[in-house]
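*Asks:* Use the sequences and the hints to build the structure in full.
Just so you know, the protein sequences line up as chains R and W, in that order. For the first sequence, our numbering assigns the number 1 to the initial residue and increments by one for each residue that follows. For the second sequence, our numbering assigns the number 1001 to the initial residue and increments by one for each residue that follows.
Calculated directly from the structure, the hints in this document are not laboratory data. All of these numbers come straight from a predicted model, not from anything done at the bench. For each residue, glycine too, the CB sits at the ideal point set by N, CA and C. Don't take each hint at face value.
Stated by the list, open to error - With a Cα cut of at most 30 angstroms, we get these calculated DSSO-like pairs of lysine-lysine: (1) R:Lys100 <-> W:Lys1055; (2) R:Lys100 <-> R:Lys57; (3) W:Lys1055 <-> R:Lys95; (4) R:Lys95 <-> W:Lys1003; (5) R:Lys95 <-> W:Lys1070; (6) R:Lys22 <-> R:Lys65; (7) R:Lys22 <-> W:Lys1053; (8) R:Lys15 <-> W:Lys1057; (9) R:Lys22 <-> W:Lys1057; (10) W:Lys1018 <-> R:Lys95; (11) R:Lys15 <-> R:Lys73; (12) R:Lys100 <-> W:Lys1018; (13) W:Lys1057 <-> W:Lys1018; (14) W:Lys1057 <-> R:Lys9; (15) W:Lys1013 <-> W:Lys1057; (16) W:Lys1071 <-> R:Lys95; (17) R:Lys9 <-> R:Lys95; (18) R:Lys95 <-> W:Lys1053; (19) W:Lys1055 <-> W:Lys1018; (20) R:Lys95 <-> R:Lys57; (21) R:Lys100 <-> W:Lys1057; (22) W:Lys1003 <-> R:Lys100; (23) R:Lys57 <-> W:Lys1003; (24) W:Lys1053 <-> W:Lys1003.
As the list claims (entries may be wrong) - So these bits of chain W aren't anywhere near chain R, every CB distance computed over 12 angstroms: (25) Leu1078; (26) Ala1081; (27) His1102; (28) Leu1112.
Claimed, not checked - Short derived list, chain R residues pointing at chain W, Cβ under 7 angstroms: (29) Arg43; (30) Leu44; (31) Leu47; (32) Ser90; (33) Ser94; (34) Phe98; (35) Gly99; (36) Lys100; (37) Gly101.
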Amino acid sequence: AQRVTQPEKLLSVFKGAPVELKCNYSYSGSPELFWYVQYSRQRLQLLLRHISRESIKGFTADLNKGETSFHLKKPFAQEEDSAMYYCALSGANSKLTFGKGITLSVRP
Amino acid sequence: DVKVTQSSRYLVKRTGEKVFLECVQDMDHENMFWYRQDPGLGLRLIYFSYDVKMKEKGDIPEGYSVSREKKERFSLILESASTNQTSMYLCASSWAGGQPQHFGDGTRLSIL
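*Replies:* Written out as structure tokens, the structure is:
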């Protein structure tokens, strides 16, 4: 069975502070990991995927197979980063399993 | 740009009614999905489809059914709506065997 755990429901930081949104997964095979973001009143959209190994909007995430983690990081948070963030895992059959999500609030 | 369109943004129905939620995608994607999104529970997969007339149960299929008669359209059906089906419903589509999934705007369904 595949499982995604996001241990925190809310993270509140000041603008310019570093951000780390935690994600741990459980999967017996080779997973594909994603971060999705949902800004207020907008549709859920892909932020980044581990196989791309790219930085989107200043966010990065590294897959750590030893710790089964895929934490999302940004060195300096911006107010426009305030949103709901979901970590997701795709197994062999294209199904996505989502974590419960975390609300990031960036204060001015 | 991929467009996934859900027929209604807001819908109010009564207990016991049969409810149809429609979703259309314009990218010729093979895969289509229905989720419900609830605070504190994240997104949970209800049903998905890999091809026309094919469907598979997700994690919470009870009380729901689906229909996929055409490749671009995937319908979610609540046979007899109940108050615990009040939720935000999200449709998504993707290419076969791959990601990412592209989501619609969602339908906020209230069952009174």
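*Asks:* Hey, Lys100 (chain R) versus Lys1018 (chain W), does the alpha-carbon distance stay inside 30 angstroms?
*Replies:* Between Lys100 (chain R) and Lys1018 (chain W) the Cα gap is close to 29 angstroms, so the pair holds against 30 angstroms.
*Asks:* Under 7 angstroms is the threshold here; is the Cβ of Leu47 (chain R) close enough to any Cβ of chain W for the hint to stand?
*Replies:* Status violated, d = 10 angstroms.
*Asks:* Within 30 angstroms, alpha carbon to alpha carbon, are Lys100 (chain R) and Lys1055 (chain W)?
*Replies:* This hinted pair holds, its Cα atoms lying about 25 angstroms apart.
*Asks:* Checking one constraint from the list: CA of Lys1018 (chain W) to CA of Lys95 (chain R), max 30 angstroms. Satisfied?
*Replies:* 27 angstroms, holds
*Asks:* Are Lys22 (chain R) and Lys65 (chain R) close enough, with their CA atoms no more than 30 angstroms apart?
*Replies:* 14 angstroms, holds
*Asks:* Does Lys95 (chain R) pair with Lys1053 (chain W) here, judged by a C-alpha cut-off of 30 angstroms?
*Replies:* Holds, because 18 angstroms separates the two Cα atoms, which is no more than 30 angstroms.
*Asks:* Once the shortest beta carbon distance from Gly101 (chain R) to chain W is found, is it less than 7 angstroms?
*Replies:* 5 angstroms, holds
*Asks:* What's the verdict on Lys1055 (chain W) and Lys1018 (chain W), does the C-alpha distance respect the 30 angstroms limit or exceed it?
*Replies:* Holds, at about 20 angstroms.
*Asks:* Using Cβ atoms only, decide whether Arg43 (chain R) comes closer than 7 angstroms to chain W, and label the hint accordingly.
*Replies:* 5 angstroms, holds
*Asks:* Would the pair Lys1053 (chain W) and Lys1003 (chain W) pass a check requiring their Cα atoms to be no farther apart than 30 angstroms?
*Replies:* 21 angstroms, holds
*Asks:* Is the Cα-Cα distance between Lys95 (chain R) and Lys1070 (chain W) 30 angstroms or less?
*Replies:* Measuring from Cα to Cα gives roughly 21 angstroms; hence the hint holds.
*Asks:* Below or equal to 30 angstroms on CA atoms is what counts here, so check Lys1003 (chain W) against Lys100 (chain R).
*Replies:* 25 angstroms, holds
Comparing the model with each numbered hint stated earlier shows that hints 7, 8, 27, 31 do not hold.
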